[in-house]
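K.L.:
Based on the hints, put chain U in the right spot on chain S.
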Amino acid sequence: GAVVSQHPSWVICKSGTSVKIECRSLDFQATTMFWYRQFPKQSLMLMATSNEGSKATYEQGVEKDKFLINHASLTLSTLTVTSAHPEDSSFYICSARYRAGTGGDEQFFGPGTRLTVL
Amino acid sequence: GNSVTQMEGPVTLSEEAFLTINCTYTATGYPSLFWYVQYPGEGLQLLLKATKADDKGSNKGFEATYRKETTSFHLEKGSVQVSDSAVYFCALSVGGGSNYKLTFGKGTLLTVNP
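Residue numbers (this note's numbering), protein chains in the order written: chain S, 1 to 118; chain U, 1001 to 1114.
None of these hints come from the bench; they were simulated from the model.
Note that the Cβ used here is the ideal one computed from N, Cα and C, for glycine as well.
A couple of the hints might just be wrong.
Stated by the list, open to error - Covered stretches of chain U, as calculated for chain S (at least 3 residues, CB under 8 Å):
(1) 1044 to 1052
(2) 1104 to 1113
Claimed, not checked - The calculated lysine-lysine pairs, modelled on DSSO-like cross-linking and capped at a C-alpha distance of 27 Å, are:
(3) S:K20 - S:K41
(4) S:K64 - S:K20
(5) S:K55 - S:K41
(6) U:K1060 - U:K1101
(7) U:K1101 - S:K20
(8) U:K1060 - S:K64
(9) S:K41 - U:K1101
(10) U:K1056 - U:K1106
(11) S:K41 - U:K1060
(12) S:K20 - S:K55
(13) S:K66 - U:K1101
(14) S:K55 - U:K1060
(15) S:K41 - S:K14
(16) S:K41 - U:K1106
(17) S:K14 - S:K66
(18) U:K1106 - S:K66
(19) S:K14 - S:K64
(20) U:K1056 - U:K1101
(21) U:K1052 - S:K64
Extracted from the complex, chain S is given alone in its bound form (with noise of 0.2 Å):
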């Protein structure tokens, strides 16, 4: 199957300054990237649909401002998260949408990045 990459897979940083998260489909171009959150024992929530060459779509409750998400190339997609605070600290996914014609589309997942927000 198609293979997603992350990076970092963890980081820890303290409060007030940003963090980059990297997502990168390595064997397919993905024209759209998904970014999620996942709290501890709970289901994903979409933060946003990141498009290959426009702004992103986030979802409601979503702070813009705060979650940044540039998809500058059909292969990667980041996710800066500015100014961040202890709450910010989760297990960030991204996945990358790809395109299987009469099959149907399918998701692929990146392995995750923790962030830890001292």
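P.N.:
Using the frame of chain S, we list chain U on its own:
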């Protein structure tokens, strides 16, 4: 709107036991259905999928059949192993285009004891 309801866990089984995790859905349109698995500390992996009614998805001994009449996509495995311990998510997507996205259930934690 679209939603997925799956059996709440946790589910604890002994090795070689039969597994069923129930999943039902509501959707506007004609969804594709998925089961994803998440091992501890990792992202999600697609386990199986079905794109139309009566399709059966299968992988690694797991099966699920797309039942339009009952709007269900229950996950089954005849004999679970310790290595199957993980969180399982049922999900759906409807259509393509710019509105495409996955809707997830809340997840079911499965623990298999030796």
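K.L.:
Now, for every hint given, state plainly whether the structure supports it.
P.N.:
Evaluation of the provided hints:
Only when three residues or more bring their CB closer than 8 Å to a CB of chain S does the claim for the stretch 1044 to 1052 of chain U stand; here the count is 5, and the claim holds. By the rule of at least three residues with a Cβ nearer than 8 Å to a Cβ of chain S, the coverage given for the stretch 1104 to 1113 of chain U holds, with 5 such residues. A hinted pair counts as satisfied when its Cα atoms are at most 27 Å apart, and K20 (chain S) with K41 (chain S) qualifies at roughly 24 Å. Proximity of K64 (chain S) to K20 (chain S) is assessed by CA-CA distance (about 14 Å); at most 27 Å being required, the pair is judged to hold.
For a cut-off of 27 Å, the pair hint linking K55 (chain S) to K41 (chain S) is broken: about 31 Å separates their Cα positions. A C-alpha spacing of about 26 Å is found between K1060 (chain U) and K1101 (chain U), which places the hinted pair at or below 27 Å, so the restraint holds. Among the hinted pairs, K1101 (chain U) with K20 (chain S) is consistent with the structure: their alpha-carbon atoms are about 23 Å apart, no more than 27 Å. A threshold of 27 Å between alpha carbons decides the hint, and for K1060 (chain U) with K64 (chain S) the separation of about 40 Å lies outside it, so the pair is violated.
Distance hint between K41 (chain S) and K1101 (chain U) is fulfilled; the C-alpha atoms sit about 22 Å from each other, no more than 27 Å. The hinted pair formed by K1056 (chain U) and K1106 (chain U) meets the criterion: a straight-line CA distance of about 22 Å does not exceed 27 Å. Restraint check for K41 (chain S) and K1060 (chain U): satisfied, since their Cα atoms lie roughly 24 Å apart, inside the 27 Å limit. For a cut-off of 27 Å, the pair hint linking K20 (chain S) to K55 (chain S) stands: about 17 Å separates their Cα positions.
Under the criterion of a C-alpha separation no larger than 27 Å, the hint pairing K66 (chain S) with K1101 (chain U) is consistent with the structure, at around 22 Å. Pair hint K55 (chain S) plus K1060 (chain U) does not hold up; C-alpha atoms about 39 Å apart against a cutoff of 27 Å. The hinted pair formed by K41 (chain S) and K14 (chain S) meets the criterion: a straight-line CA distance of about 25 Å does not exceed 27 Å. The straight-line distance between the Cα atoms of K41 (chain S) and K1106 (chain U) is roughly 9 Å, inside the 27 Å bound, and the hint therefore holds.
Between the alpha carbons of K14 (chain S) and K66 (chain S) the distance comes to roughly 16 Å, so the proposed pair stays at or under 27 Å and holds. A hinted pair counts as satisfied when its Cα atoms are at most 27 Å apart, and K1106 (chain U) with K66 (chain S) qualifies at roughly 26 Å. For the hint pairing K14 (chain S) with K64 (chain S), the CA-to-CA distance comes to about 21 Å; that is within 27 Å, so the pair holds. Proposed proximity of K1056 (chain U) and K1101 (chain U) is supported: the alpha carbons are some 22 Å apart, at most 27 Å.
Between K1052 (chain U) and K64 (chain S) the CA atoms are separated by roughly 36 Å; this puts the pair beyond 27 Å, and the hint is violated.
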